[in-house]
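> Using the hints, put the two standalone chains together into the complex.
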Amino acid sequence: MKISLLISGILFGVSFNIFCQQYFKEFGKIGPAELELQQYEKDPEAEAVVLYDEGESYFFEKNEGSYIKLYIKFTRTKRIKILDNAGVKYAEVTIPYYSDGFGATEKVSSIEAFSYNFDDSGLIKTEVDKNAVYEEKVNERWNIKKFAFPNVKKGTIIEYKYVLETPFQFNLPDWEFQDRIPTLHSKYIVKLTPFYEYVFITQGISKFDYYNTELSMNERVFRIVNGRGFKDMVHTYVMKDVPAFKDEAYITSANDYIMKLDFQLSKYHNPSGGTREIISTWSALNKDLLKHDNIGKYIKKSGRHAGKLLESELDLEHLDDLEKAKHIIEYVKKSFRWNGIRSIYASEKPKSFINNKIGNIADLNLFLIAMLNEAGIEAHPVIISTRDHRKIYGKYPFKNFFNYVLVLVSAGDKSFLTDASEIMLSYNRIPMRCINDRGLALREDEFLWIDLYNNLLSLDAKKIIIEVDTATMTANVRVNSQSTEFISYSHKTKFLNNASKIEKELTENGLYDIKNLSTINYDKPHLPYVINFEGTANVVQIGNKIAVSQFLEFPIQKNKLTQKTRSYPVDMVFAQSKSLSSTVAIPEGYKIVNVPEPFEVENDLATVKLIFETTDKVVNANAVYSFKKAVYEPHEYARIKYYIDNIVKRFNEQVVFEKIEN
Amino acid sequence: MRFLLIILFYFFTPLAFCQPPVELINYTTSIHIKNNRLITEKNYLIQVNNPQGDHMGEVSLLYQEDDKLDLLEAYILNKDGKKVHKLKRKEIITRSNFSESTFHEDNMVKEFKLKWHQYPYQIYYSYKTTEKPFLHIANWYPFIRSNIPTRKAVLKVDLPKDYKISINTSGDFHFKKETVKDSYTYYWKAKDLTPVKVENLSPPISELLPKVTIVGKKFMYGAQGSFESWSSFGQWQEKLINNLDILPQKEKDKVDRLIKGISDRKEIIKILYHYMQDNTRYINVSIDIGGLKPYPASYVSTNKYGDCKALTIYMKALLKYAGIGSYYTIIHAGESPVKINTALPSQQFNHVILNIPLGNDTIWLENTANYLPYNYIGTFTQGRYALLVDGQNSRLIKTPSLDMDQVQVKNVYNIQLDKQGNGVVNVRRVLRGKEFDSNKYYQNSYKKEDLTPLIKSYFNLPGFELINFDFDHTDRDKQEMDLLVKLKVQDQFKKYGSTLALKLVPFSEIELEKPEIRKHPLRIPYPYNQSDSIVYDISDFQNHEVSLPEVIEIENRHFIYNQSYKRVGDTLIVTRKFALPAGEYPIEEYAGFYAAMSEIIDANKKSIIILNPQQ
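Note that the protein sequences, when read in sequence, are chains A and B. For what it's worth, the numbering used here labels the leading residue of the first sequence as 1, then goes sequentially. For what it's worth, the numbering used here labels the leading residue of the second sequence as 1, then goes sequentially.
The set of hints was computed from the structure by calculation and includes no laboratory data. A virtual CB, placed ideally from N, CA and C, is assigned to each residue, including glycine. Wrong hints could be hidden among the right ones.
[As the list claims (entries may be wrong)] Some, not all, of what chain B presents toward chain A, calculated at C-beta under 8 angstroms: (1) K447; (2) K448; (3) I610.
Chain B with its partners taken away, still in its complex shape (with noise of 0.2 angstroms):
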């Protein structure tokens, strides 16, 4: 058989490497408060310079409904800078912004499109937002898009002189301040950015940034507040809270009846916590000021749904009314989150979760998994900043972060294998920290035959087919759980003439960017801690000569991995470790630990068992 196809003409078209599909030409912003209400005006000029780059000019505008915004201009310049469009009203669209976490807001989205068919092409627009209230004056980025180079970006802000505010900037900026009569106006300009990727293990996207955040010492959100202090900013939140915790009759009866005649107040803690898990759910409605002030807990008593907000209300109100303190705690949730900056007393936060403090214990809930245990503490919230409100002494505190042995995910490998390499491999894994984060959010939402390819996806082997699996966790209480698995495998040697080959289960690597495309930081939220036994259990070993890959000893600064063999008759155990610790590591030395995973990759590749016949 030859080749198929007979090429006539060879018609060279040069690879692209360069151009990048859109480039922000131009972006100015311009902020000023009148009459207490912040007005930002934004300019964009964008430049697209091929199809791909098609999509910036599919934009859509947010905006909450009680605030204004007017689009001023918007209009396309062909590659001679003419104007060939110029955007008409009945061309805009208005809608509501549907978004997956909240069931009901009151955003909506101008949209319209602006596209050209000879390229490159600009598109310019231009907005006004008109905000009462207003938090936060300024958080700015000189990037329409973290993947969009930008060549010229500026931030102009004008205050009146005895208007008290903080400021803070990360990156590189051209500052100026000015004195025009009674105010100031300050300049931030930047020039040429390049486009910012997250990386695995990075720093999250808006760490990576050039930023301005500008908040005033004063502000008006529902409440006069001050963000002169982490104290002063606690007191606002506490004013938005007060007296939201208060309990029906009907649900202050039934929490009579749950916990009559229990002293202990561990015990009523996690009655009541549960008897919130058990019968609520989280829905976010999200209207007006929503987003910060919380329904009181009689809107959760009614209606059994609430936000992160309404339902730590709520269980702060059951609590309450079980005579035990607690203190509305406002977080930053993620599994690598932003960090807060704690010169910088702002709203930096996106999450509630519940402190109870219990002698010289500390409790907390997390009140809007309800397949969570009780006083449990996950990837989701561990190990970070976040502000306890406690009027006067609100103040910065730190989470408890996971141990190694908090995160510890045990596999025990079963493989029976007859002489053609097939046979059955039952596994138990005993799931804790992320895995067991995010399994007990599967098997709660997901109903089991929706989860088959994510339990396929934990296995690795060539060819095999799930028989079944179940989840273990009776004791909701209890930190980990069980997933119990049962494959089907077939033709696991690879034939080599007669010398038959055994790769072991691969370990799952950690991916990684090479060195020399690497641009951030390492930053290892919590501990990786995986323990491996596999049993292999051949029924044709005794016929073989067989022959193991070395044993594996791999320890260094960052973490260790070893890796040994046992043969017990017809039986071979692999036993596996691998442990990293949390932290963080400057791009300097990113080489050294990439290279040091890389030897785990090596040893991996060469962990073949091989099998000879006996002579």
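So that you can see chain A by itself, here it is in the shape it has in the complex (with noise of 0.2 angstroms):
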């Protein structure tokens, strides 16, 4: 009975909402199909949904003492519909603004912002105080005025206006169609002069559900271009029905999925003739680069201070390049720390870098390039997105895409690329945070994208012999765990060779008693790192048999790929092999009852193998499984689910033995 009303319900809801499709899209005016909506028919389950959304920017001039000063006045209208008690956190709202810190800054004004509810006494209106938008400072640069709605509960309707003024040309305003909740409708018009010329990026969107570009009508004209007449070219962007933006496991960063349109500004036409040109080519941005202060000449600074470190405190003679750029790389890891910033520009002075022994990751990176170069190793700076940044469009060259510079060494007849940032990973690797898509080399005669994935396996691989202790029903087990690469790294930063760390992590595995832990090549990045030990672990006993999980609990417990498809690539970051081995002996006075199922998978994604090979003493178990690809493409999304289940489900069968009846 209450299924069939609640249906109905719904019913009812859908078709009042086909009948009254026109939402108002004018600030302040409020009609039935808003105030009746309860559910948005195309994500019912939407906890609130964004009515309209509308952005304008404009070019105008203002008085700035004596100075005249062109701005750009963006203006933000934005309507929200609260459908459920979880939506209320979208009645608060945040405006952030930027200063240069050189005085010129972003300014937000006329904010209006009301709620609105139905009662039996009609239509109430609720205005946010003005002295309630607060103000708060997030860092030097900047700051956000912020509110909260007045009485808001499922069913309000919240709406807002404000204006942003910025004096920052190379900043009109980017527009994000998409939100976490869905949005019915969002435009955005811009309306551009002849003087500043932009191109824009759309990101997730295929089509506008509208787009239109025209001359204004009106003729305006600027004094500060000699009060020469112009016309605005308008152009629209509309996005309708946006669904809700919803994040997944192994993506790469938000920024690089939200629906959105970002503009950059490419040429200034100077009215009284000629163009700067702001962006051009990648070539261009390539020497720009190699010329600015704190990038390309900031290497060129470094060099007599390099020099002079390579002299006093390395020992280079007699060695090739290669084992030359070791030792540089792995002086400046041990000398220089890193302060966690990324960018692409140094921020310090040569010399207060070599005093305070700690800069951002510019700083250090680009004074070991000007210490291999001292020595006379050829190394370029290469510019890169980390994987929580964005991605970087090949059609676009903007500095903006990039928050962190790389290595390229040429060496001998070896070329790799290293950060000086992590001293547990090996002279020729680059942090994880770094994998994502591809770099720019900056080199004096042309640049170069390199691709920052590599195939190159990281390996686990684990030794196990297990002896059954009938007496007590336990397992004695000893165990020989060397990892290589990535899976190394992450061992050693999780573990910091802490042997209470480790044995916490054998304990959360169902081992207990551990004792002779060891481990080896903590410091060694380019060796693999081992970890042996001897532990307890628990039998099951059925009855007359027992059974042995011969792997111990170290496969995968759980499969985290859990959705039935998938629109984003799997990232898994690098390619991966692990291995198990094991050996259990057959207790005395007991046989082999059972042993699970070989089971072998093998092409160019993925190998997952398990084979048994048993003798009068002993169970002999192998089982590797690797995932050669860093990156997995949505269609091989279900392969790679598949593979994974049948690796939680096999690897951790056990072996079965029974008693033998006297």
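See below:
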């Protein structure tokens, strides 16, 4: 009874919507359609919906003291309907604005905000008190204005409007068409003057629902450009029924996927003649950055200091170039520290970096380049965008894409990438955070794109020896574990070679009474990290049978890929192979009654293998699985999921022994 | 297949054992009062021994916008004790403080970094804060963080002789009192303190740490106040809330409409409480002395939001207008709260609720959770002292404790399996107590699809799939709710040759430290009570000889646990019950408790149904 009522309720809501699809898109104007909307039919679980979100950017002149300055005025109007208690959080608004630290600042003004509720007394409109708009400082450059709507509950409509004025032409406001809740209508109008030229980059949008470019009817005059008349070029972009953005596991960054429109200043046409290219080609960007004070010139300036250090701190004589490079990289890793800040620009003078021994990633890696160059080794900066940053679009040579710099070294006949910030990594490896698409190598003759992924396997191998003690029904276990590359790196950074941390991890894997724990190569990044130990595990006793997990709890216990399909790539970051081999002694007085089925898959994507071999003394088991690619395409998802399902199921099956009846 | 790796070189590295990443070498705090301002100077000397300790060089100092914070000195000493870096003004960032529970506050943060590349190194910084007004003179712990060892810590307090104070200390301090002219100088010293860690079912951290609390008998904070007694502290709190509980006319009309024709006082309270719940939400804007002085009822009436204080005042105002008196009651909220030190009248609270005496009954209203039932005291506020504010009669009272029945959670599993061990599991959970509180919160605050991971976490069955789930709580004032879940399962039988084994749905154990490493006493803040009924409907039962695990009956001075079985045709019913009363046990009794709990765990391991083919 209850169910049928619910269904008819939904049907009613839907049919009502069909007749009354028209929601107002005008500030302050509320009609019955938005008031009665209770559920968004395309996403019935949505806790709130954006009814409309409209923005407009427009250039204007403003007197500032005795100067006339050009500003961009960005006006935004947004209306949201709260459909459920969980949606009440969307009734808090934060508006960020930027100051350049040299006196120029963006300004947020004219905030108007109302909530609307409908009850027996009619429509109740409540305004956000101007005194309840708070100002907070996020850091030296960013501030926010924030406010919470009053009188908000399930069913409330909220709307707000504000103006942001910016003196930064390079920062023409971008537009996100997508939100964490569905958006019914999103529109952005950009009115451009003939003086500043922009290119726009779309992300996640295959086609606008409406797009138009036309010349404005009105002629305008800027005093700043000698009073010559011009007309705005008006661009209008509309998206409708945009679904809510949802995060999925193993994606690089939400910034890379949310539907949005970015603008980048490309040219400045001086009214008195001439054009200044802000961006032109990758080749020009390459030259630009090499001339930049805090990139190319920084390397040059560092040369003298680097040369001194080479002389005083290192003995590189009689070494070939590759060995020299290794020594220098190790030296910089050991002597200087990264302060955690990412940038493609050095932040300090070389001298103070050397004195403080700490700096941002550019200070560190650009200085490393200088040292390598001084030693006669070819090395170049490679600018990249880290995994949590954004994607680089090949069409547009923008500096903003990049937030990190690596080093490309050519020594002898070898070329490799390196990074001085991670002492736990080998001299020719880069941290996981850097593995994202490709990077731009800056070189005097010509730039070069470098693929940052590599399909070099990281290995994890465990050798297990198990002897069952039938008196206590426990298993004595000896394990030798070895790992390489990123797996060993993650083990090292997780355990820090700390016995109690390793023991804790083992205890979580069902082992106890750990003894004779030792490790090898903790501080040798290029060698496998080895952990040896002995311990005790439980065995299962079922009547006169005992069951032993021959790989203990080391295989994957749970498949994290749980969705049926997937729209984004599965990004494993690096290719990996895990192997387990075990020997279980057949307990005295017992015989084998069950050995799990073997299993084998071998193709381009993965290898999954499980083999058993029994003698009259032991059961030998070998298992391997390797994921050969760092990134799998969405269409490969189902197969990857299937392989992991099989690993979880089969690798954890047990060997069973039965007591021999006398 | 052989070992994949061949090792050429063996470099044994010693495993790190004892070296802590950071140590607080010297920590001194000097406090004095000048012109009614509380001046506190703090000096820290911290040693960083390895990169895991670097984070202590990322310093954040919190202060209120109206107060003053002066950074006096900050520098780095390298391992030879040489000053290698002195903090420069431009390296200090000042920003707003952001906290999760507060929408806006006027707290600011000064931030800076002191890091060095060679270990060990030391960082030193000192700063001075000036507070006016202030409430307590000192709430001092000889730690910088509870997980960092302290080598030496000193608290020094200078106060005029006629300045009347109460002092409370816990822990071992070397104490000294000196007379200097017209004032006393107090010293508390502590040496070589090891880190303190909260354990499972232990008292909270602030009870475990050594501490010095100093309060002035008289203070000025929003109004003149006194910590002479609980009554005097209550009177001060009353001054702060005085006349705030007045409704605007529009709201009065609303109340008139809502309770028209109703005379039953309980009914009126309920109607007004529901009205408050349905029309307001929790938003905390904390400015100036907003930590203790509430916004008036009119603020909530306009905005329909407020923090716990504002919402409570608003509720009080609604009741007052309806002719029902109620008491603003301040309390320390939390599942395992800090015990109120009843001998030290002082500000030991962090939350407010409303107390309404009604004949022989008392009604309690929690005004910040619009999803909880009327007159409901949950794990968040149950069973502890609170200060009821009633002028001279202000006094400590105890909130009711949850009893066994009020926390009972019932789980009914219906498990249908075919020969292969595939099938469906229908579960009905009847939730009360803690489980009710938290599930009700989740249901209210998240949309359903976001709750999938939470619901899944309730089940520990091999390879199950969640088909659907629903909460059922139609009567908003019912102090329990149902959770209905449907799962799909596969391969539930483990095969041992021809023998099939089926592990019983595991009992969710309480995690506990081993007695060897346990340091603190046991505190069970509210009872546990779980009863499970698991019905197995297995189509292949008749073709097998079914052997059941042993019946379990554990009863001891701490708890009761039992598990029994009943076979009816193709179904098997497992009944299980666990009841653990609230209580406190000294550390000496911990081993016994642990051993008793281990019995359950061991019994659970053996809780396997075995099916052998019929001969």
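> It remains to establish, for every hint, whether it holds in the given structure.
Evaluation of the provided hints:
no.	hint	verdict
1	K447	5 angstroms, holds
2	K448	6 angstroms, holds
3	I610	6 angstroms, holds
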